[in-house]
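Kindly produce the complete structure, drawing on both the sequences and the hints.
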Amino acid sequence: MAAAAHRGVPLLPPAAPAALRRAAWVVLLWWCVAAVPASARVPLVRIAWWQDVGFPTPFAFSTTGPGGVVRTTLLYDTLVWKNEQGLVPWLAEGYRVSPDGTTYVFRLRRGVRWHDGRPLTAHDVAFTFAYYRKHPFAWADVGVVKQVEVRDRETVVVRLREPHAPFLENVAGVAPIVPKHVWRWVDSPERFQDLRAAVGSGPYRLVEYRPEAGQYRFVAWEGYFRGPPLVQEVRYVVVPLARQVLAVQSGEVDLAMTLAPEAAAAFRGHPYLRVLTTEPLSCGRLVFNLNHPLAGQKRFRQAVAHAVDVSGLAQLVTRGAGIPGNPGVVPPQDPYYTPRVRRYAHDPSRARALLRELGYEDRDGDGWVEAADGSRLVVEVMTSAPRETEPVLQQLARVGVDARAMVVDPATRAQLASEGRFTLLYTTHVGAGGDPDYLRTWFSGQEANRFAAGSALQHPEFLRLARQQARETDPARRRKWVERLQQLLAEELPTLVLFYRPFFWIYDSRKFTPVSTRGGLLNGIPLVENKLAFLAR
Amino acid sequence: MTRVVLLALGRLALLAAAVALLAFTLPRALPGSPLVAPEVLLLPGAAHQRLQETYGLRRPWHRQLVDYASRLARLDLGTSLVTHRPVREMLRERLGWTALLVGVAWSAAAVVGSALGTLAAVRSSSGAVRGLVGVCVVVASAPEFAVAMVLILAFSVWLPVFPAGGVPWASAGPGGLWERLVEVTRYATLPAAALAASALPGFALTSRSLLAAVLAEPFVLAAQARGLPGWRVLAHAWRPALAPFLTWAGLRLVTLVTGAAAVERVFNYPGLGSLLFDAVVQRDYPVIEGVFLVGSWSVLVAAALLEVVARAVDPRLR
Numbered sequence: 001m002a003a004a005a006h007r008g009v010p011l012l013p014p015a016a017p018a019a020l021r022r023a024a025w026v027v028l029l030w031w032c033v034a035a036v037p038a039s040a041r042v043p044l045v046r047i048a049w050w051q052d053v054g055f056p057t058p059f060a061f062s063t064t065g066p067g068g069v070v071r072t073t074l075l076y077d078t079l080v081w082k083n084e085q086g087l088v089p090w091l092a093e094g095y096r097v098s099p100d101g102t103t104y105v106f107r108l109r110r111g112v113r114w115h116d117g118r119p120l121t122a123h124d125v126a127f128t129f130a131y132y133r134k135h136p137f138a139w140a141d142v143g144v145v146k147q148v149e150v151r152d153r154e155t156v157v158v159r160l161r162e163p164h165a166p167f168l169e170n171v172a173g174v175a176p177i178v179p180k181h182v183w184r185w186v187d188s189p190e191r192f193q194d195l196r197a198a199v200g201s202g203p204y205r206l207v208e209y210r211p212e213a214g215q216y217r218f219v220a221w222e223g224y225f226r227g228p229p230l231v232q233e234v235r236y237v238v239v240p241l242a243r244q245v246l247a248v249q250s251g252e253v254d255l256a257m258t259l260a261p262e263a264a265a266a267f268r269g270h271p272y273l274r275v276l277t278t279e280p281l282s283c284g285r286l287v288f289n290l291n292h293p294l295a296g297q298k299r300f301r302q303a304v305a306h307a308v309d310v311s312g313l314a315q316l317v318t319r320g321a322g323i324p325g326n327p328g329v330v331p332p333q334d335p336y337y338t339p340r341v342r343r344y345a346h347d348p349s350r351a352r353a354l355l356r357e358l359g360y361e362d363r364d365g366d367g368w369v370e371a372a373d374g375s376r377l378v379v380e381v382m383t384s385a386p387r388e389t390e391p392v393l394q395q396l397a398r399v400g401v402d403a404r405a406m407v408v409d410p411a412t413r414a415q416l417a418s419e420g421r422f423t424l425l426y427t428t429h430v431g432a433g434g435d436p437d438y439l440r441t442w443f444s445g446q447e448a449n450r451f452a453a454g455s456a457l458q459h460p461e462f463l464r465l466a467r468q469q470a471r472e473t474d475p476a477r478r479r480k481w482v483e484r485l486q487q488l489l490a491e492e493l494p495t496l497v498l499f500y501r502p503f504f505w506i507y508d509s510r511k512f513t514p515v516s517t518r519g520g521l522l523n524g525i526p527l528v529e530n531k532l533a534f535l536a537r
Numbered sequence: 538m539t540r541v542v543l544l545a546l547g548r549l550a551l552l553a554a555a556v557a558l559l560a561f562t563l564p565r566a567l568p569g570s571p572l573v574a575p576e577v578l579l580l581p582g583a584a585h586q587r588l589q590e591t592y593g594l595r596r597p598w599h600r601q602l603v604d605y606a607s608r609l610a611r612l613d614l615g616t617s618l619v620t621h622r623p624v625r626e627m628l629r630e631r632l633g634w635t636a637l638l639v640g641v642a643w644s645a646a647a648v649v650g651s652a653l654g655t656l657a658a659v660r661s662s663s664g665a666v667r668g669l670v671g672v673c674v675v676v677a678s679a680p681e682f683a684v685a686m687v688l689i690l691a692f693s694v695w696l697p698v699f700p701a702g703g704v705p706w707a708s709a710g711p712g713g714l715w716e717r718l719v720e721v722t723r724y725a726t727l728p729a730a731a732l733a734a735s736a737l738p739g740f741a742l743t744s745r746s747l748l749a750a751v752l753a754e755p756f757v758l759a760a761q762a763r764g765l766p767g768w769r770v771l772a773h774a775w776r777p778a779l780a781p782f783l784t785w786a787g788l789r790l791v792t793l794v795t796g797a798a799a800v801e802r803v804f805n806y807p808g809l810g811s812l813l814f815d816a817v818v819q820r821d822y823p824v825i826e827g828v829f830l831v832g833s834w835s836v837l838v839a840a841a842l843l844e845v846v847a848r849a850v851d852p853r854l855r
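Keeping their order, the protein sequence lines are chains X and G.
Just so it is clear: in the first sequence, position 223 is 223 by the numbering used here, and no numbers are missing.
With the second sequence counted from 1, adding 537 to any position gets you the numbering used here.
Because the hints were derived from the structure by calculation, they are not lab data.
A few of these clues could be false.
Unchecked claim - Listing some non-contacts, in silico: residues in chain X with all C-beta distances to chain G over 10 Å:
1. Gly111
2. Gln193
3. Gly214
4. Gln232
5. Val238
6. Leu535
What the hints assert, rightly or not - Just so you have them, the derived chain X footprint on chain G, three or more residues with Cβ under 8 Å:
7. 653–665
8. 747–757
9. 815–821
Quick caveat: nothing in here was measured; it's all calculated off a predicted structure.
Virtual Cβ for every residue (Gly too), placed ideally from N, Cα, C.
Pasting the structure below:
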């Protein structure tokens, strides 16, 4: 994306009479519609999701899971976007970065219109970043942006507090640009929830939302700058995960998800239902409480790593679909992945030896290891998925560690984790993809929910490098720092990744083709309703 | 009489206040907090802090209690911490769906169940009736969600007549009132059937035993001896059985509301039960309070009304 700032030429001279301008706009719209042959357009695509995700503005969507933020991407656009290969220009048709990496000059596309017909300008972009500072957007941290200046109607200059390598992918590619004329007077944006609030510049307009049923109707925005979407209407309906395969099979929906590889395999050779497998961006991992007297000891964590057979576990828990966890955290398909990290072979005798070094061994021959005072080593593993945790407990038992599941609901788990009241915890989540800055945010206590307060790694070199890679503008050097971070994570083991698993998306190929976005939608979200799936490519 | 009514009203008010206090305390006694959403991986500090400030979640509990009480005094149920919408609005959207589900299931179960019960009481010696009673006992012991799953399997998968869940679209479907009614019926049939099926055996068994006891009374024999037609005899027999039956039916209505929560989950039906479930999962205190209050208060009012009705139909209670 080479770019040079230039003055934009307005569509029509501002002096043109309003009626003429309106007429020109109608003709333009008609032309846009006519450009896509009617027969090529699909009237409706229905997507299943398992819960309501709130009102789809950047301020009101539900932050429980990624469903809410992804839905807003159909209504709103970002400066850049991602396809199967990586970043592509979007609202900005080009950008230029200053050599020190602190200034981005974005040249906006001309002729982009909001759903209410008004033009999208650099003023909207500047307003958006200022507004997010007051009313934070939950999925991107705009704190790194110091100032946004409007150079002219189509050029915007974003100045950062310091160089920030993830800026394009994690901020410019995530933060939706909102219309100034809609939000400038709004003080409580999270409560502004009617159709007037959902004015975006994205390929779809919101025409109906029924919160009690989790039903959404998005209708194609015929004035979209990329041409009218190929699918005229996208609807979301709530279908419990357990019933989604059945729902797509019976024609109730056109896109559904499953974690079960055997369910996905059942569609091989189906006349029109196909399966898209996303990158394995969802991981299952054990988190160690580094402030706990036992889990805080590196040798104990390494003993657990040797005791647990991650390959077997990946097979078992994901029913053959997953790939074994990497102690360096980054999944193997990731461009930043390095295999040059410390490996922990499944080696129960090594695990026992490490435990012995810590003073735990089987003193009375009952199969369990005890401390010097004869008390048995009991380890609690906090989990909300007892069935997935059970094999881990069994493998720990094989080296004499009496590991017991402490089963709690997800809200309790999150609370106890954030307060550091756990020894080990088992969790599964998406997000292991996209810009590798997640290595910094996960393990330096940057996330507000302090997902596991105890897992912030107080390791000076790690913290220094984590910050350094985020500031590094030279890709080769950044890669070096990120590789070193992986090595440190594998050595220190604040977490033991057990497996990465893909999601299987079953879709009606007669209607559309979902997109597996490189590194996940936004940052590491393996959902496939990328807006590109609904546009002419 | 006035004193009795006043006392009853006072008791009701006291109970309502106790329920309100419970609605405030229970959700906060749960471990977990609305501030730490379990699935969120990236909620920047600023967003997090704003949420706390907006809803005053870090204030001491007694301050929160005072806020809550003053809100309730203004009939304001507050704002959801998750959807940021007024709780009253969220309840209103769902109340109708739950009322439809529970109302239809309860009336159907009461009518069909008491008819079956009457039949069973009158023809207690017939083999078919004994078999029916056996079936009733089995179904009565099955939880609502199990019945729901059997119905989905039967009528949505094997014989796809009804949708397996959800509700019709408000505006996308055919326009007319009649079509809309048909659509709503199509979607509500299976949930209502599941709930009714789980309640029906109870109604049948209760009315059977109530009626059987009355049928053994001498006045029934006297009526039969006077040559009254069978239906008149039954009408006489039902009169004394009606008050206990109504009391029982009222109590069953309460448990049916609870059972509806499970059915709503299975059918993904947008009622109060599924709202409460989601709210508990997300620790959305104001919504939990709202559902709890509306649910409990309507039970209190329903119980009071049933008492009035029971007194009206049975002079012995006056």
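Hint-by-hint comparison with the structure:
1. Gly111: holds (31 Å)
2. Gln193: violated (6 Å)
3. Gly214: violated (8 Å)
4. Gln232: Given a closest Cβ separation of 12 Å, the condition holds.
5. Val238: Violated, because the least Cβ-Cβ distance between valine 238 (chain X) and chain G comes to about 6 Å, which does not exceed 10 Å.
6. Leu535: holds (23 Å)
7. 653–665: Since 0 is below three, the answer is violated.
8. 747–757: Violated: only 0 residues of the segment 747–757 of chain G have a Cβ under 8 Å from chain X.
9. 815–821: n = 4 at 8 Å, threshold three: holds.
Checked against the numbered hints listed earlier, the structure breaks hints 2, 3, 5, 7, 8; every other hint is satisfied.
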